[in-house]
Structure formats: C-alpha cells, structure tokens
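Position 367 (the sequence shown) corresponds to 367 in UniProt numbering; numbering is contiguous.
Simulated from the structure, these hints should not be mistaken for laboratory data.
Each hint should be verified, as a subset may be incorrect.
Unchecked claim - List of simulated lysine-lysine pairs, DSS-like, C-alpha gap at most 27 Å:
hint, residue 1, residue 2
1, 182, 156
2, 156, 93
3, 141, 57
4, 144, 562
5, 450, 275
6, 57, 372
7, 75, 562
8, 75, 156
9, 115, 75
10, 75, 182
11, 184, 156
12, 56, 156
13, 205, 115
14, 75, 56
15, 93, 118
16, 56, 144
17, 56, 307
18, 156, 57
19, 115, 57
20, 75, 118
21, 93, 141
22, 156, 450
23, 93, 182
24, 141, 156
25, 56, 182
26, 75, 184
27, 442, 519
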Amino acid sequence: MAKEIFTVGPVLSFRGIVGDRWRVTALIGTTSDVVAPAFEIEGRDCDEPTLLLAHKKQCFWRYDLSCDLQAAERKVAFGLRGGPTWAFTVPGKGFAPRMAYVSCNGFSDPSGMRKLVKPESAVWADLVGNHDREARDPDFKLDKEQLWHEARTQDKGLQRFHLMLMGGDQIYFDSIWEDLPKLKQWVGLPRSEQLTFPVTATLDKEIENYYFSLYATRWLSPTRKPWGAGLNGDAADAMARIPTVMMWDDHDIFDGWGSYSEAMQHSPLFQTLFKHARRAFWVFQMQHVLEDLPELVERDVPRLSRKDPQFESIDWQHHQAQDALALPLLDSQPGFTFAHQVGPVSIVVADLRTERSRTQILGMNTWSELQKWLGALPGAEDPVSNANCQHLLFLSSVPVVHPKLSLAEGLMDTFGQDHVLDSSADDLKDHWANDDHEGERKRLLETLAKTANDKLLRVSIVSGDVHVAAWGSAYRRDISPTATWAHIQQFTSSAVVHPSLLGVAERLFLYLLNSTASKPQVIDVQHVAEMMLFPGHNRYVMPARNWLALELDLGAEGKGCKLWATWRCEAEVGFSNHLQAVQPAQR
1 MAKEIFTVGP VLSFRGIVGD RWRVTALIGT TSDVVAPAFE IEGRDCDEPT LLLAHKKQCF
61 WRYDLSCDLQ AAERKVAFGL RGGPTWAFTV PGKGFAPRMA YVSCNGFSDP SGMRKLVKPE
121 SAVWADLVGN HDREARDPDF KLDKEQLWHE ARTQDKGLQR FHLMLMGGDQ IYFDSIWEDL
181 PKLKQWVGLP RSEQLTFPVT ATLDKEIENY YFSLYATRWL SPTRKPWGAG LNGDAADAMA
241 RIPTVMMWDD HDIFDGWGSY SEAMQHSPLF QTLFKHARRA FWVFQMQHVL EDLPELVERD
301 VPRLSRKDPQ FESIDWQHHQ AQDALALPLL DSQPGFTFAH QVGPVSIVVA DLRTERSRTQ
361 ILGMNTWSEL QKWLGALPGA EDPVSNANCQ HLLFLSSVPV VHPKLSLAEG LMDTFGQDHV
421 LDSSADDLKD HWANDDHEGE RKRLLETLAK TANDKLLRVS IVSGDVHVAA WGSAYRRDIS
481 PTATWAHIQQ FTSSAVVHPS LLGVAERLFL YLLNSTASKP QVIDVQHVAE MMLFPGHNRY
541 VMPARNWLAL ELDLGAEGKG CKLWATWRCE AEVGFSNHLQ AVQPAQR
C-alpha cells in the first residue's frame with residue numbers, strides 16, 4: 001500500500017530545539033486521490049499533517065515528529081500506522097550531535113554518469129551503511145575506523161548520526177534547458193534576444209510544473225525497493241533516517257545563478273526561473289507551506305553601475321508566527337539564512353544565493369542580522385550553564401579557502417561569459433576568493449574571528465561545490481600560534497554523486513589547482529588563507545567523491561570538546577578515511 005501512495009519521502013528535517021523538545025518534521029508526498037496517511041512516533045499518533053502544497057495530482061504533507069530530549073541518547077521509531085517504520089537517533093539533553101555532511105547530489109551533465117566507475121549511489125550507500133546497521137547490504141565491509149564507531153553506536157542499538165547537513169545542490173535543475181522546448185530554443189538565440197525573451201503565461205506554468213515535479217523524480221529513486229524490503233542506500237534512504245539541515249546553492253536553481261551579468265540576471269526568463277526555484281525550495285527543502293512564502297520586493301535605492309540585488313527586509317518573525325515548526329530564520333533579512341544551537345555546537349546555515357550577484361554574496365541586512373546573532377551567542381566562557389558554545393560551524397555552500405586562479409579569472413573577465421551551458425565562468429565568479437568578492441571574504445573572516453575571540457570558541461567552515469575533498473585554514477598572523485581561536489579550519493566535502501575530476505582536461509585543471517594551492521593567500525595585514533595537504537594524501541585536493549563526518553570527542557556540556565572531521569573518500573576498492581581534529585579553543 002505505502003509503495004503506491006508515497007511519491008516523495010519521508011524526508012526528515014531538523015527544526016531546532018525549543019525547551020526540551022527535539023523538533024523534527026517529515027515531508028511526505030502522496031497522490032491526491034488518497035487521504036493523508038496516519039503516522040505514529042514512539043507508539044503514539046502524530047497530529048494531523050500540514051498540507052504544504054497541492055500540485056497537479058500530488059499532495060505534499062508535513063508531519064510533526066518532535067520528541068522530548070532525555071538524559072541519554074536514544075533511537076526513535078516512526079512510520080505509518082501498521083507499518084512500514086523508520087527510525088532516527090536523538091542526542092541526550094545538552095550533548096553534541098554527531099553530524100554527516102554532503103553536497104552536490106546530482107549531475108550538471110548527464111554524460112558525467114559515464115565517468116563513474118561505481119554506481120551513482122555508491123557514496124550514499126557507504127554513508128547509509130555507516131549510519132545504520134539495518135540498512136547495509138549483506139556484503140558491506142567494515143574497516144578499522146568504522147569498527148571504532150560501531151562500538152559507540154550500532155552495538156548500543158543506536159545510529160551513528162543525529163543530523164545530516166546538506167550544503168547545496170541537493171537537486172540539479174540544469175536539465176530544464178534541454179527538457180523544456182522553449183528554453184532549448186532560448187539557448188540558441190542571440191544574446192540580445194535572450195535578454196528580452198518574453199515569458200508567456202503558458203511558459204510560466206511549464207517552468208512552475210518542472211520545478212515542483214522534479215523533486216518527486218529525483219528524491220525517490222524509481223529503482224527503490226518496496227517499503228520494508230530493505231534499502232538501496234541512496235539519497236532518499238539517508239533522508240528518511242537522518243534529520244536534515246539544508247541550504248540551497250546554484251544548481252537548486254540552475255547552474256551559476258547569481259554569477260551572470262547584471263542584464264542577464266534581471267532578464268524576464270531568469271527572474272521567472274528564480275521565482276519558481278525559490279518556491280520549490282521553500283516547500284521541499286525548508287518544508288514550509290507555499291502560501292506562507294513572502295514575495296521578494298526590490299528596494300528603491302540609487303544603483304551603482306553594477307547593480308546588486310537590494311531587497312526589502314522580511315519580517316520573518318511576523319510571517320512565521322503561526323507556524324510552530326518554522327525554521328529559525330534570522331529576522332529582517334530577505335533570504336533564508338538560519339542558525340541552530342545544539343548543546344556545545346552552533347550551526348550557521350548561510351543563504352549565499354538569494355542576494356548574490358557578481359559583486360555581492362550577502363546583502364547588508366543579512367550581514368547585520370548574522371553579526372547580531374553571533375554577538376548573542378553564549379560562548380565557552382559564558383556563565384549560563386547548559387548553553388555555552390564550544391564549536392561554531394559556518395556552512396558555506398562555496399569554499400571560503402580555495403586555490404585562487406587569477407589568470408583564469410582575468411581571461412573570463414576579458415572575454416566575458418553568459419552562457420547557461422558553460423559553467424566555467426560562473427564557477428570562478430562564485431568563489432569567495434574572486435577579486436569581486438574579496439571584500440566580503442575579509443568581512444566574513446573578520447566576523448568569524450571576532451566571534452571566536454569574544455566567545456572563546458573554535459570556528460570551522462564546512463563547504464562543498466567544487467567536486468573535490470580539501471582542507472584549508474584561515475588564520476590571524478598577528479596572533480600567537482598557540483591561540484587556537486585565531487585559526488579557522490575549512491572542511492570541503494564534494495561531491496556525494498557528481499563525478500570528481502576524472503577527464504584529461506580535468507586532470508590538467510587538477511594539476512593547476514594543486515600547484516596554485518601550495519601558495520598561501522595573504523588577504524590583508526592580519527588574515528592569511530592557506531590550503532593544507534589533504535590528510536593522508538600527498539596533494540592539496542582529493543579528486544574523489546566523498547562525504548564528511550563531524551563528531552565531538554565529548555558529547556556533554558563539559559569543557560574541552562575536540563571536534564573530529566573524517567572524510568570518507570571513494571577509492572578503486574572500498575573507501576579511504578582521512579581524519580583531522582579541531583582542538584578546543586584557548587588564548
């Protein structure tokens with residue numbers, strides 16, 4: 001029965017902690033000719049679900065799976081009344097969550113599938129198998145690192161991860177340029193005609209249908225086994241077992257959104273695509289009711305010659321007042337930046353797309369609200385018990401520390417690029433290290449370093465996007481090396497599905513990346529960004545599909561928690577482990 005009813009899900013979403021409640025929701029897609037199924041959690045009936053969207057012949061529902069935090073962590077069962085059932089693991093009250101991180105869950109070009117030597121979902125299968133013993137194939141092999149975690153989690157009847165951070169490109173919409181005939185026609189037009197291409201009511205509806213419909217296609221594999229007959233180890237399986245924390249990047253809209261020319265960004269077609277991508281993201285990734293999404297309103301302010309998006313701030317507290325399960329969006333910003341505090345760990349999830357242009361990443365209101373939230377964060381030295389933060393994770397979909405390809409940037413600026421099927425230019429324009437974004441990169445590093453110093457905590461940046469695994473560092477060179485707060489580490493994990501650098505041209509690019517990475521970037525008189533040799537590897541970037549684990553040595557609220565980052569990188573045979581530690585903060 002369930003197999004025929006479900007079109008999407010369950011997709012778990014972490015909504016934060018309120019009081020002693022661990023708030024989780026599940027998104028379920030059903031055909032519109034059935035009644036919303038009844039769900040249970042821990043043996044009790046769930047409340048009636050909230051209808052997020054009715055589209056064509058499908059309905060998308062949100063169920064409340066929130067539960068109480070207890071002294072010790074535990075596994076919580078949920079599912080349809082009468083089965084099938086799933087489970088997620090809840091940390092103990094005041095304890096740090098164990099987290100997995102992934103990005104780039106798809107392909108920008110279908111031909112990329114031919115480059116894979118293992119199945120498309122092989123990395124997902126490894127993550128799911130690490131997370132849940134019950135989800136493993138019979139031939140799943142454990143290595144020494146996995147066995148160490150096994151004793152701490154699976155042997156105690158638990159799952160490994162409490163949260164799954166998804167840093168962008170959860171879905172790839174680049175196929176829209178091929179699948180919609182009108183857009184395929186648009187690609188071949190002269191640029192002058194592209195900029196004025198009219199969006200008819202019919203085309204607007206086709207675009208809306210495409211954005212809403214593709215989630216059901218991509219988030220529930222057509223080869224998935226019937227419910228209760230085991231798992232395939234794909235993205236849908238992971239999202240059904242680990243509460244997610246999601247933020248979009250360009251492919252959740254289309255490749256390069258925000259890094260095209262001002263004229264192209266503001267063309268009728270681009271604005272229509274963004275409008276519907278935003279609405280679909282709101283429903284499927286943020287799990288909010290479609291009608292509750294406020295429209296973006298452009299501010300009437302004097303423009304510079306290079307126009308950056310300037311939107312009126314949104315009173316999120318007012319708009320979300322009636323939704324008890326709303327994500328904790330930072331107020332008075334036009335985008336979707338939000339933050340969680342979970343025991344000794346705080347997570348900032350930055351929206352780097354809503355306000356992006358070639359010369360802007362975050363708008364000024366967003367910067368102000370972000371700095372305000374960080375300023376109110378209870379640090380390691382805060383006298384308030386059960387609330388002090390020891391590690392701050394800043395989720396940046398695009399790396400802050402990455403090799404800077406100045407020559408390539410110059411060539412792109414010279415010749416210009418505005419083509420949706422050629423991502424070379426927009427990839428370079430996206431980077432925080434791009435000349436046009438250097439000022440904001442300084443502001444970000446200064447903001448994070450000030451927070452680390454004021455609160456005496458460690459800051460780590462977690463990023464994806466670039467289809468390699470990498471380790472970087474940003475540090476204050478005017479501060480003693482023993483002051484660990486002044487050293488910000490960056491963990492880049494990408495991609496979980498998209499192929500890494502495998503072709504001949506890509507291998508040449510990889511050589512260029514490694515050569516450039518060997519040189520530290522002096523940002524200003526205080527800050528330096530530096531790529532580090534990837535742990536257990538003799539190069540700076542690891543060209544392999546991968547996922548990342550983020551776990552603390554001590555889960556409780558005691559001082560001195562050490563954060564471990566462990567990359568699991570796809571190898572010719574099995575997976576390799578690459579570990580790096582973030583020591584507790586000290587002055």
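Against the structure, the hints:
1. In summary, the hint linking residue 182 to residue 156 is not supported, as the alpha carbons are separated by about 56 Å, beyond the 27 Å threshold.
2. Proposed proximity of residue 156 and residue 93 is supported: the alpha carbons are some 18 Å apart, at most 27 Å.
3. The straight-line distance between the Cα atoms of residue 141 and residue 57 is roughly 42 Å, outside the 27 Å bound, and the hint therefore fails.
4. As the CA atoms of residue 144 and residue 562 are separated by approximately 21 Å, the hinted pair is consistent with the 27 Å bound.
5. With a CA separation close to 36 Å, the supplied pair residue 450 and residue 275 exceeds the 27 Å bound.
6. With a CA separation close to 44 Å, the supplied pair residue 57 and residue 372 exceeds the 27 Å bound.
7. Using a Cα cut-off of 27 Å, the hinted pair residue 75 and residue 562 holds, with the two alpha carbons roughly 24 Å apart.
8. Between residue 75 and residue 156, the direct Cα distance comes to roughly 10 Å. Compliance with the 27 Å bound is thereby established for this hinted pair.
9. For the hint linking residue 115 to residue 75, the alpha-carbon distance of about 38 Å lies beyond 27 Å, and the restraint is violated.
10. Using a Cα cut-off of 27 Å, the hinted pair residue 75 and residue 182 is violated, with the two alpha carbons roughly 49 Å apart.
11. For the proposed pair residue 184 and residue 156, the alpha carbon gap of about 54 Å is over 27 Å, so the pair is violated.
12. For the suggested pair residue 56 and residue 156, the alpha carbons sit about 45 Å apart, so the restraint of at most 27 Å is broken.
13. A hinted pair counts as satisfied when its Cα atoms are at most 27 Å apart, and residue 205 with residue 115 does not qualify at roughly 35 Å.
14. Proximity of residue 75 to residue 56 is assessed by CA-CA distance (about 36 Å); at most 27 Å being required, the pair is judged violated.
15. Between residue 93 and residue 118 the CA atoms are separated by roughly 40 Å; this puts the pair beyond 27 Å, and the hint is violated.
16. Using a Cα cut-off of 27 Å, the hinted pair residue 56 and residue 144 is violated, with the two alpha carbons roughly 49 Å apart.
17. Of the pairs offered as hints, the one joining residue 56 and residue 307 is violated, with about 37 Å between alpha carbons and a cut-off of 27 Å exceeded.
18. Restraint check: the Cα-Cα separation between residue 156 and residue 57 comes to about 43 Å, which exceeds 27 Å; the hinted pair is violated.
19. Taking the CA atoms of residue 115 and residue 57, the gap is about 36 Å. The hint is violated against a cut of 27 Å.
20. At most 27 Å may separate the alpha-carbon atoms for a hinted pair to count; residue 75 and residue 118 exceed this at roughly 32 Å.
21. At roughly 33 Å between alpha-carbon atoms, residue 93 and residue 141 are farther apart than 27 Å, so this suggested pair is violated.
22. At most 27 Å may separate the alpha-carbon atoms for a hinted pair to count; residue 156 and residue 450 exceed this at roughly 40 Å.
23. For the suggested pair residue 93 and residue 182, the alpha carbons sit about 54 Å apart, so the restraint of at most 27 Å is broken.
24. Restraint check for residue 141 and residue 156: the C-alpha separation of about 19 Å stays at or below 27 Å, so the hint holds.
25. Among the hinted pairs, residue 56 with residue 182 is consistent with the structure: their alpha-carbon atoms are about 21 Å apart, no more than 27 Å.
26. Restraint check: the Cα-Cα separation between residue 75 and residue 184 comes to about 48 Å, which exceeds 27 Å; the hinted pair is violated.
27. Between residue 442 and residue 519 the CA atoms are separated by roughly 18 Å; this keeps the pair inside 27 Å, and the hint holds.
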